[in-house]
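In the order they appear, the protein sequences are chains A and B. 286 is the number that the UniProt record's numbering gives the last residue of the first sequence; the numbers go up by one with no jumps. 267 is the number that the UniProt record's numbering gives the last residue of the second sequence; the numbers go up by one with no jumps.
I should point out that these hints are in silico values taken from the structure, not numbers from a laboratory. Note that the Cβ used here is the ideal one computed from N, Cα and C, for glycine as well. The reader is advised that the hints may include incorrect statements.
Just some of the chain B residues that point at chain A, by a computed CB distance under 10 Å [said to hold, decoys possible]:
1. N46
2. L117
3. A239
Straight-line Cα separation of at most 27 Å, DSS-like style, residue types lysine-lysine; simulated pairs [as the list claims (entries may be wrong)]:
4. B/K132 x B/K229
5. A/K20 x B/K97
6. A/K18 x B/K132
7. B/K95 x A/K20
8. B/K221 x A/K18
9. B/K221 x B/K132
10. A/K142 x B/K262
11. A/K142 x B/K95
12. B/K97 x A/K200
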Amino acid sequence: MAFTAFSQSAKVVDQAPKSKSWIALILLAPGIAYMLLFFVAPFIQLAITSLQAPAEGHGIGQYVAGLEFINYWDAIQQYWPQLVRSFIYAVIATIIGLLISYPLAYLLGVTLRNRAMLQGILLILVVAPFFISMLLRTLAWKSILPVEFIGTDGSVIFGLIYNFIPFMVLPMFASLQALDLRLVEAGTDLYASPVTVFRKVTLPLSMPGVVSGTLLSFIPMSGDFVVASRSFLGSTDTAMIGNVIESNFLQTQNYPMAASLSIILMLAILIIVATYVRRSGAEDLL
Amino acid sequence: MKKFGLGKALVPVVSGITLIYLLLPIAYVVAFSFNARRGRNNILWNGFSLQNWQNPCGAPQVCTAFGNSILVGVIATVIATVLGTMIAIALVRYKFKGRSTVSLLLFTPMATPEVVLGAGLAAQFLLAGVEKGIGTIILAHTMFCISYVVVAVKARVASLNPAIEEAGRDLYGSPTQVFFRVTLPMLMPGIIGAALLSFALSFDDFIITNFNSGTATTFPKFIYISALKGVPAQANVLASMVFFGALLLVIIVQLVNINRAKRLAKI
Numbered sequence: 001m002a003f004t005a006f007s008q009s010a011k012v013v014d015q016a017p018k019s020k021s022w023i024a025l026i027l028l029a030p031g032i033a034y035m036l037l038f039f040v041a042p043f044i045q046l047a048i049t050s051l052q053a054p055a056e057g058h059g060i061g062q063y064v065a066g067l068e069f070i071n072y073w074d075a076i077q078q079y080w081p082q083l084v085r086s087f088i089y090a091v092i093a094t095i096i097g098l099l100i101s102y103p104l105a106y107l108l109g110v111t112l113r114n115r116a117m118l119q120g121i122l123l124i125l126v127v128a129p130f131f132i133s134m135l136l137r138t139l140a141w142k143s144i145l146p147v148e149f150i151g152t153d154g155s156v157i158f159g160l161i162y163n164f165i166p167f168m169v170l171p172m173f174a175s176l177q178a179l180d181l182r183l184v185e186a187g188t189d190l191y192a193s194p195v196t197v198f199r200k201v202t203l204p205l206s207m208p209g210v211v212s213g214t215l216l217s218f219i220p221m222s223g224d225f226v227v228a229s230r231s232f233l234g235s236t237d238t239a240m241i242g243n244v245i246e247s248n249f250l251q252t253q254n255y256p257m258a259a260s261l262s263i264i265l266m267l268a269i270l271i272i273v274a275t276y277v278r279r280s281g282a283e284d285l286l
Numbered sequence: 001m002k003k004f005g006l007g008k009a010l011v012p013v014v015s016g017i018t019l020i021y022l023l024l025p026i027a028y029v030v031a032f033s034f035n036a037r038r039g040r041n042n043i044l045w046n047g048f049s050l051q052n053w054q055n056p057c058g059a060p061q062v063c064t065a066f067g068n069s070i071l072v073g074v075i076a077t078v079i080a081t082v083l084g085t086m087i088a089i090a091l092v093r094y095k096f097k098g099r100s101t102v103s104l105l106l107f108t109p110m111a112t113p114e115v116v117l118g119a120g121l122a123a124q125f126l127l128a129g130v131e132k133g134i135g136t137i138i139l140a141h142t143m144f145c146i147s148y149v150v151v152a153v154k155a156r157v158a159s160l161n162p163a164i165e166e167a168g169r170d171l172y173g174s175p176t177q178v179f180f181r182v183t184l185p186m187l188m189p190g191i192i193g194a195a196l197l198s199f200a201l202s203f204d205d206f207i208i209t210n211f212n213s214g215t216a217t218t219f220p221k222f223i224y225i226s227a228l229k230g231v232p233a234q235a236n237v238l239a240s241m242v243f244f245g246a247l248l249l250v251i252i253v254q255l256v257n258i259n260r261a262k263r264l265a266k267i
């Protein structure tokens, strides 16, 4: 199934890689050229844009090459509340998302391991949201939730959690599905309480899934601008950094500002993720 | 086998609540595709009706946007699947300098927030003076789809037994024959899975599309634009059609898999 492609840890057969590098080159060249042109070059362009200066007579969207490092300072000074808010939202949503997704992943991967039919049905239900427009589902919440709740911090976090549950569940399910239940049994035989067994055996062994699930949710959440926008679950008080980048780029056409904020967002995520990965002892899991 | 702890009731109860949380909006979207029409409003329930299903293109622009999404999804998927599969084979099968750099290059887009990818590409198109439209949406979608295809197909390539290809060579198959008659068919389930994933990602993408679409509209962009005034019920109909179509496809694939597993178990 397409969406469990990542969760089915296929058996790795020992394949000694051949050193016919010219074949590798032919296979790689078109794809790598594409990525250099449409991923690496845009990144460099973003960095260049972030340092641009207003053109003389400064019309809307008019900028010239420059080395205005002050753009970064301006960006932070003007938009630090939105930047901080994005990360607070994303952290809270990731933690709550993890707490409500883990039991579901456990049910799928451990409890229902020997009941293929039921497991299959529930897996389809977990991936079902992928088949229906994310924007329509978010709008549906706007109608289902009480009007007074819309536009608050709570409703935005609620929407963020909602959109990323499948991204949490699937990697954790893959880890728990691969968990050797004999280890759990051994723990029980040694008179460990269920809580101890969970804390010392199950959880550590499912850490790869927890780490990739949380990262797969946290990163897109912190850059999201649909949920927090005013026509969805947010208000002017809930703008996230994604909303700011979008409006600076597409509405006010302040390209250097949008570019500086993008680079700052990227760097902040890099620092947070690196710290998290080191703290969770997951360097070798990735 | 013993029942394993973790609070016997806690797991099913929390799972049930999470599943309801997950599925409630889907039920809402489907239900409101049957809402009787009264103006553009599709927020209040006006009673059951089939009129939206009888005329899914009834609202202005909705089918153009839907058609654009399918067009973009198909083209981006075809290009991304071909390029991504080639890269995946090279990464697993061949030793070459800079292999880890190539892996990193393909992994990074998945670990970059979409808003950054979108803004970067838009800045690039701005500099190059390329006018934004369907073409730039396709270029953008292909880029992020390649990464996902590589990850999905790599797993499949890594699980291939090289002995089968060896057998092909022993039977005097030329390298091209072995590739097209042995390797590729064995990779097919992975490639098809990757293509479906890629299409789904492209079809539902809004953030990157919004930055690179100019005046062109896709289905998600149509919903975003009409969100403020009220999304017409026809959008719910089209979304529900896609939902049931995909669901059917997945159920068929799942049944085939279970059947195959049962047959294998007998051997």
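We went through each hint and held it up to the structure:
1. N46: violated (14 Å)
2. L117: holds (8 Å)
3. A239: Hint on B/A239: holds, closest Cβ of chain A at ~5 Å, below 10 Å.
4. B/K132 x B/K229: Distance ~25 Å between B/K132 and B/K229 Cα, so the pair holds.
5. A/K20 x B/K97: Cα-Cα ~11 Å, so holds.
6. A/K18 x B/K132: Distance ~43 Å between A/K18 and B/K132 Cα, so the pair is violated.
7. B/K95 x A/K20: holds (7 Å)
8. B/K221 x A/K18: Violated. B/K221 to A/K18 sits at ~46 Å, over the 27 Å cutoff.
9. B/K221 x B/K132: The given pair, whose Cα atoms are some 14 Å apart, holds under the 27 Å limit.
10. A/K142 x B/K262: violated (45 Å)
11. A/K142 x B/K95: Not OK: A/K142 and B/K95 at ~52 Å, beyond 27 Å, violated.
12. B/K97 x A/K200: With Cα atoms ~41 Å apart, B/K97 and A/K200 exceed 27 Å; violated.
Going down the numbered hints, you'll see the structure goes against 1, 6, 8, 10, 11 and 12, while the others check out.
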